[in-house]
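Q: Listed below are the residues making up each chain.
There are 6 protein chains.
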Amino acid sequence: MHPPLAAVRDVVARALAEDVLPLGDLSASLVPAHVRARACFVSRGEGVLAGRLSAAEVFAQVDGDLKVDWHLDDGDTVTPRTAIGVVGGPLCSILTAERTALNLLAHLSGVATLTRSYVRAVAGTGTRILDTRKTTPGLRALEKAAVRAGGGHNHRGNLADFVLVKDNHLAGVSIGEAVRGARAKWPMRMVEVECDRLDQVSEALAAGAGAVLLDNMTPDAVATCVAEVGGRIPVEVSGGVTLHTVRAYAGAGADFISVGALTASAPAFDIGLDLES
Amino acid sequence: MHPPLAAVRDVVARALAEDVLPLGDLSASLVPAHVRARACFVSRGEGVLAGRLSAAEVFAQVDGDLKVDWHLDDGDTVTPRTAIGVVGGPLCSILTAERTALNLLAHLSGVATLTRSYVRAVAGTGTRILDTRKTTPGLRALEKAAVRAGGGHNHRGNLADFVLVKDNHLAGVSIGEAVRGARAKWPMRMVEVECDRLDQVSEALAAGAGAVLLDNMTPDAVATCVAEVGGRIPVEVSGGVTLHTVRAYAGAGADFISVGALTASAPAFDIGLDLES
Amino acid sequence: MHPPLAAVRDVVARALAEDVLPLGDLSASLVPAHVRARACFVSRGEGVLAGRLSAAEVFAQVDGDLKVDWHLDDGDTVTPRTAIGVVGGPLCSILTAERTALNLLAHLSGVATLTRSYVRAVAGTGTRILDTRKTTPGLRALEKAAVRAGGGHNHRGNLADFVLVKDNHLAGVSIGEAVRGARAKWPMRMVEVECDRLDQVSEALAAGAGAVLLDNMTPDAVATCVAEVGGRIPVEVSGGVTLHTVRAYAGAGADFISVGALTASAPAFDIGLDLES
Amino acid sequence: MHPPLAAVRDVVARALAEDVLPLGDLSASLVPAHVRARACFVSRGEGVLAGRLSAAEVFAQVDGDLKVDWHLDDGDTVTPRTAIGVVGGPLCSILTAERTALNLLAHLSGVATLTRSYVRAVAGTGTRILDTRKTTPGLRALEKAAVRAGGGHNHRGNLADFVLVKDNHLAGVSIGEAVRGARAKWPMRMVEVECDRLDQVSEALAAGAGAVLLDNMTPDAVATCVAEVGGRIPVEVSGGVTLHTVRAYAGAGADFISVGALTASAPAFDIGLDLES
Amino acid sequence: MHPPLAAVRDVVARALAEDVLPLGDLSASLVPAHVRARACFVSRGEGVLAGRLSAAEVFAQVDGDLKVDWHLDDGDTVTPRTAIGVVGGPLCSILTAERTALNLLAHLSGVATLTRSYVRAVAGTGTRILDTRKTTPGLRALEKAAVRAGGGHNHRGNLADFVLVKDNHLAGVSIGEAVRGARAKWPMRMVEVECDRLDQVSEALAAGAGAVLLDNMTPDAVATCVAEVGGRIPVEVSGGVTLHTVRAYAGAGADFISVGALTASAPAFDIGLDLES
Amino acid sequence: MHPPLAAVRDVVARALAEDVLPLGDLSASLVPAHVRARACFVSRGEGVLAGRLSAAEVFAQVDGDLKVDWHLDDGDTVTPRTAIGVVGGPLCSILTAERTALNLLAHLSGVATLTRSYVRAVAGTGTRILDTRKTTPGLRALEKAAVRAGGGHNHRGNLADFVLVKDNHLAGVSIGEAVRGARAKWPMRMVEVECDRLDQVSEALAAGAGAVLLDNMTPDAVATCVAEVGGRIPVEVSGGVTLHTVRAYAGAGADFISVGALTASAPAFDIGLDLES
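Here the protein sequences line up with chains A, B, C, D, E and F, keeping their order.
Letter by letter, the first sequence follows residues 5 to 281 of this note's numbering.
Letter by letter, the second sequence follows residues 5 to 281 of this note's numbering.
Letter by letter, the third sequence follows residues 5 to 281 of this note's numbering.
Letter by letter, the fourth sequence follows residues 5 to 281 of this note's numbering.
Letter by letter, the fifth sequence follows residues 5 to 281 of this note's numbering.
Letter by letter, the sixth sequence follows residues 5 to 281 of this note's numbering.
Don't read these hints as lab results, they were simulated from the structure.
Misleading hints may appear alongside valid ones.
Because identical chains cannot be distinguished in the list, a pair is counted as satisfied if it fits within a single copy or across any two copies.
[Stated by the list, open to error] Only pairs whose alpha carbons sit at most 25 angstroms apart, straight line, appear in this in silico BS3-like list of lysine-lysine:
hint	residue 1	residue 2
1	Lys170	Lys71
2	Lys71	Lys138
3	Lys189	Lys71
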């Protein structure tokens with residue numbers, strides 16, 4: 005599922021504004037307006053495509069005379085030199101749109117590609133990879149869609165989605181009191197409890213939590229907690245998980261592993277726009 | 005120099021909107037409104053701070069009753085457990101603002117920290133590190149300020165700043181014709197020419213270019229071009245430069261080395277917000 | 005006359021944003037993208053249609069592939085099971101747009117329907133029904149168009165339209181002084197005076213007011229004031245008028261009766277969107 | 005919990021813009037700028053207050069020189085002539101702000117008051133009253149906060165919160181397949197299933213739905229479904245419930261009753277702003 | 005009366021954004037942040053001040069640490085070297101704000117000054133000077149306030165204010181039919197009729213028009229029409245009136261003369277910002 | 005080169021909003037919706053066209069059913085009664101769009117026409133005419149494009165483009181120090197120095213300035229400075245240059261003459277929209 009069109013339109017309008025105002029593209033102004041061209045999006049590495057809707061929106065907003073034909077969609081795998089799509093129309097408009105379109109594709113495909121790495125690292129274990137709220141300001145909707153394109157799943161969309169009781173929310177009340185308060189105040193919502201220790205897991209379970217988040221535990225500690233939970237509610241693991249350690253956590257029985265790096269530290273995936281000669 | 009306040013306000017307003025609408029912070033609603041607290045921004049690694057103005061704006065927009073005292077400013081170096089600043093006020097407001105403030109600090113400090121690494125790698129050579137237009141959509145102003153905080157310099161702010169003639173802009177005219185056209189159309193602006201070969205450098209020089217950008221050359225080829233230019237105009241190197249190769253390019257005599265990764269692939273710098281007990 | 009397109013576009017963009025951000029329509033994501041459908045807007049009661057332009061804009065903004073054919077226009081009467089229009093296209097897009105389109109149609113048709121009730125209650129008397137500035141924040145333009153669709157007329161569009169001197173505006177000056185001041189300051193504008201007593205009506209008349217607004221009077225008191233005015237300027241009645249009392253006020257000779265409830269208290273008119281099987 | 009400040013600021017800015025642009029308040033311009041006054045918000049009926057934060061924001065945006073002191077907060081009960089709060093400052097600014105502040109208070113208190121009526125109608129049964137997505141376009145965040153002020157609870161904030169599988173989402177798959185698909189795609193989210201018949205309830209239960217929504221059933225049919233569910237998951241009732249029938253549905257054992265009218269058809273609650281003499 | 009604050013805030017935010025994004029003020033970055041200064045707005049010619057609220061807003065948005073003290077207000081007369089106000093605070097912020105503040109003051113004072121010239125040209129005749137809708141896109145509210153500062157009055161704020169029937173609106177109906185239609189559709193609004201000939205004036209009068217606009221007539225023709233109207237409704241003159249001809253039109257008995265040049269062709273009034281040494 | 009589409013869309017949306025909200029075009033509502041018409045943009049004087057893209061956008065935003073055919077483009081010369089373009093479609097939509105489209109065309113063509121006058125006044129001298137940052141707030145992008153249409157060139161787009169060191173930026177440092185600081189901080193940017201005296205020109209030259217701006221000098225003083233510079237860097241003249249004096253400055257050898265009046269004081273160019281009968 006692509007990100008909501010409303011979010012895409014808004015992100016693209018801002019990205020173009022910051023790249024062309026107030027004078028427009030000085031360099032592209034050197035190209036006569038009648039020169040037309042075709043250019044192909046080509047991947048420079050191995051990864052997962054994301055951001056197609058955003059790139060298309062860039063061209064649509066720059067010049068209604070530009071047409072894009074896509075060969076692939078978000079979630080598709082690319083290898084070096086894979087042709088992703090072709091844009092045709094006035095050369096000066098292609099040049100003006102190029103960097104903004106590539107920035108979106110590169111960033112979002114970077115997110116999807118890193119997500120796919122984590123998903124593959126836990127393949128066969130039944131564990132699922134989640135994102136977090138550690139997203140780039142302004143790009144929440146697009147990055148969360150890119151995580152889905154990479155095979156991951158979305159944790160909370162934002163603070164208004166469901167309840168996650170952390171240590172700092174307790175403020176003098178017990179986990180049990182907090183969970184009961186949350187369920188009373190926000191019925192029909194997931195109430196998840198962040199736990200640092202086994203006894204907190206037990207307390208959360210007893211209070212009727214909908215899930216527990218095991219924060220910064222070792223795989224062994226996770227396994228102990230998973231045993232305590234006994235499949236009654238989902239167990240999420242978070243905190244400092246890397247590509248090297250993620251499978252150990254999956255092996256410990258976590259239902260979900262959430263990874264902030266998916267959106268906060270994904271390197272751009274290299275995609276170019278090659279003019280057809 | 006901090007980023008323009010107008011940009012900061014806008015980015016923060018959007019970041020908060022995407023994190024709290026439509027229902028607000030469900031979890032923070034469990035904390036009684038009268039509970040007050042203090043929390044300290046603490047670095048978890050070694051790096052360079054950036055984004056202070058943005059983080060301050062987050063707290064200001066969430067609750068006018070929150071006060072922040074900063075111990076450090078953008079560009080300052082931090083090591084693990086450095087206290088960066090303290091925020092005090094209603095606990096529920098601190099919790100609501102926490103993630104957005106941290107996302108901005110972590111991303112922008114990540115950019116500053118990576119920039120500093122490149123700057124240090126060329127220390128003593130006189131070469132300067134530049135950013136590019138490969139910025140995160142919507143964050144151009146903030147990321148370019150973070151590059152400055154890291155000791156780098158800003159290449160074009162956007163397409164309206166100055167002229168960069170690339171191969172694709174030629175469209176049947178020679179480099180010389182393009183440069184003369186650019187200087188006629190956009191007087192008082194830098195006209196830089198991207199060159200892939202030595203003869204293009206000579207042509208650009210002859211046409212009165214203000215700078216040349218050597219794209220994807222080896223350090224040896226760069227050295228040859230630098231000799232050809234002979235100090236008459238600045239020489240910029242770009243394309244696939246890494247922390248491992250950057251010093252070789254500096255040694256080849258480049259005045260500037262521009263690095264897209266500074267803004268496109270900087271991992272988040274880990275900063276936490278620790279509640280004071 | 006439909007509401008200004010500029011207002012409609014803005015209202016719809018905000019309504020969609022608040023319903024789908026940041027993750028989009030989770031439920032509609034379960035429907036395969038290739039499934040297409042047709043659905044019919046059907047009234048569930050007796051009333052007056054309003055909001056067609058807004059509903060159409062919802063579909064246009066959600067998915068350019070959706071097409072709507074309308075059988076009726078704003079101001080048309082509907083009875084239970086009247087087919088209002090048909091939308092066709094991707095089922096998932098229809099489902100995402102459905103609630104926002106219906107919310108607009110239901111609210112605005114509710115305003116039109118209540119307006120029509122008041123208009124009918126005074127039928128044959130020559131009295132006209134006006135709205136007020138008691139509109140829903142953000143929906144002024146759309147609700148005032150719905151009042152017109154219901155056969156009512158628009159009082160002031162906003163505070164910048166014309167002058168309405170109320171008791172609180174006097175601040176130590178007489179009605180006469182206030183009216184003369186208003187006519188001097190805002191020539192070519194209507195200057196209406198709110199009156200609670202007969203002597204104020206006389207004073208307003210003498211001062212050259214363009215209309216009087218009789219606030220919270222009985223029908224008898226209105227009749228006395230109407231006689232005093234003697235047709236020289238329009239007489240408006242306002243304040244606590246209900247469907248039960250409106251005809252008595254019309255019978256007392258009021259030229260206009262303004263009713264805040266038209267926009268502030270109109271219940272939603274029930275309209276459904278039935279999928280064609 | 006008040007609505008998010010970000011939403012309030014935005015709604016108020018738009019409401020003021022539509023009431024004063026382009027020329028400002030013509031009538032208030034007749035009042036000399038130096039005249040100062042105090043005015044008191046006074047209820048005209050029995051109800052529940054909501055919208056305090058919005059009204060305060062109106063005054064703040066109109067004139068920083070206005071000060072408001074509140075005697076009551078959202079959720080407090082008012083009776084005729086209850087003093088709610090006092091605003092003081094330049095009279096012309098009070099007059100300009102008055103209608104927008106009152107429109108927000110009246111509409112949101114209307115929502116809270118109607119909600120309280122439903123909550124009281126089911127008092128003692130353990131059933132809770134929920135709102136729906138039938139909110140006024142642009143006011144989702146404020147109306148959902150008003151429902152909470154009235155003692156109700158919030159169903160989905162929007163389409164991105166959790167999954168509600170309706171008949172139209174099935175598109176050729178069974179309820180069981182749809183639920184399993186939803187749980188696979190959106191783990192950690194509530195998956196609720198709308199049911200028209202008892203066998204659908206059984207199917208939803210078997211598929212692991214998190215809740216069932218019984219649509220347009222009689223209280224007797226609800227009781228049968230409640231018995232079938234046997235307390236394993238929450239049961240929500242929706243569709244045409246009125247103040248007259250709501251207690252019968254509560255008596256039938258529904259955990260939740262959702263009422264679109266709370267936000268779609270709440271009449272404005274009458275509040276005035278009385279100038280102190 | 006100053007323009008609405010909502011309009012001022014919006015105009016200033018956009019003006020600053022277009023002047024500082026994305027990199028901020030490069031030149032001001034050379035000034036150390038701790039250097040403080042005071043600077044005085046000084047007029048360079050004879051005219052009328054307007055735009056004080058806008059200039060103040062510029063400083064407020066650039067840096068909350070800047071303070072402005074005004075010696076004069078909108079509508080006050082200035083001569084060469086009149087001190088208008090003083091701003092104090094960080095020098096770099098004063099320099100960044102300077103041009104935007106001056107652009108607003110110069111443009112709006114230019115409008116006020118030109119208006120004052122027309123007002124003086126008709127002094128003693130009782131004729132009043134009106135603006136038109138020929139305003140600069142985006143500055144309607146500010147320019148119309150500047151006209152008032154210059155002693156002029158505001159014609160329609162926009163198309164939604166009142167009815168002006170021009171030749172093009174007739175579309176096959178007579179003036180009489182059009183006026184009656186307008187009064188039926190938009191009661192309580194001024195209905196003005198544009199007339200090119202005396203017989204049209206008579207027709208408009210007979211139909212109950214609220215005012216006539218005599219378009220592009222000679223002063224003699226205006227006098228004839230004024231005699232025909234006989235004081236029953238206001239007479240407005242428009243079309244090609246200049247400072248040289250305006251008094252002749254006033255002498256012909258026009259109640260109002262509307263002048264598009266007030267807002268469309270007012271030269272900037274020269275105001276400087278002098279740093280105190 | 006037309007202005008950036010992003011800027012045009014934004015300016016037009018605001019211009020329309022301020023002209024039609026909240027009630028729409030009352031007068032155009034008198035025209036039956038089915039009446040169609042064609043109207044021709046006709047110049048009323050001699051000048052240069054600019055603003056075509058903006059005018060077209062007005063019609064597109066008012067009604068998608070309007071079509072415009074242009075006979076001329078920005079930069080083309082017009083004489084009295086030149087047909088510029090034709091718009092066809094619903095008459096009521098043409099009337100609603102008319103004033104906003106004309107305001108943009110008239111203002112921007114006014115800028116282009118005044119620019120052309122200055123350009124012609126220096127014809128044959130090799131001197132080029134530049135604009136300044138004295139633009140109308142909100143219209144920077146459109147006005148700078150109009151200057152280009154008139155044959156002028158753009159000085160800085162905004163404060164973020166390049167460095168202009170004025171007296172006020174020195175704050176205790178010498179011109180030499182300031183230039184070196186600027187070149188160190190903002191490499192690859194033009195660093196221009198404003199000079200009031202010959203010795204400052206020498207100092208700027210010695211420090212490596214990229215250009216000098218001679219402020220408020222006589223043509224003789226300019227000639228002296230030009231001789232001192234000796235062609236090494238461009239010389240710009242600014243300050244109080246008029247159509248009467250501009251050629252003298254050009255004759256003194258200035259490379260560029262910047263004229264604030266181009267955008268700050270250009271009278272509207274008269275263009276009408278004539279309905280075809």
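Q: For the identical chains here, do Lys170 and Lys71 meet the 25 angstroms Cα criterion within one copy, between copies, both, or neither?
A: between (49 angstroms within a copy, 23 angstroms between copies)
Q: Please work out whether the CA atoms of Lys189 and Lys71 approach to 25 angstroms or closer within one copy, between two copies, in both situations, or in neither?
A: For Lys189 and Lys71, the Cα distance exceeds 25 angstroms both inside one copy (50 angstroms) and across copies (29 angstroms).
Q: I want to check one pair: Lys71 and Lys138. Are their C-alpha atoms no more than 25 angstroms apart within a copy, between two copies, both, or neither?
A: between (35 angstroms within a copy, 24 angstroms between copies)
Of the numbered hints listed earlier, the single one contradicted by the structure is hint 3.
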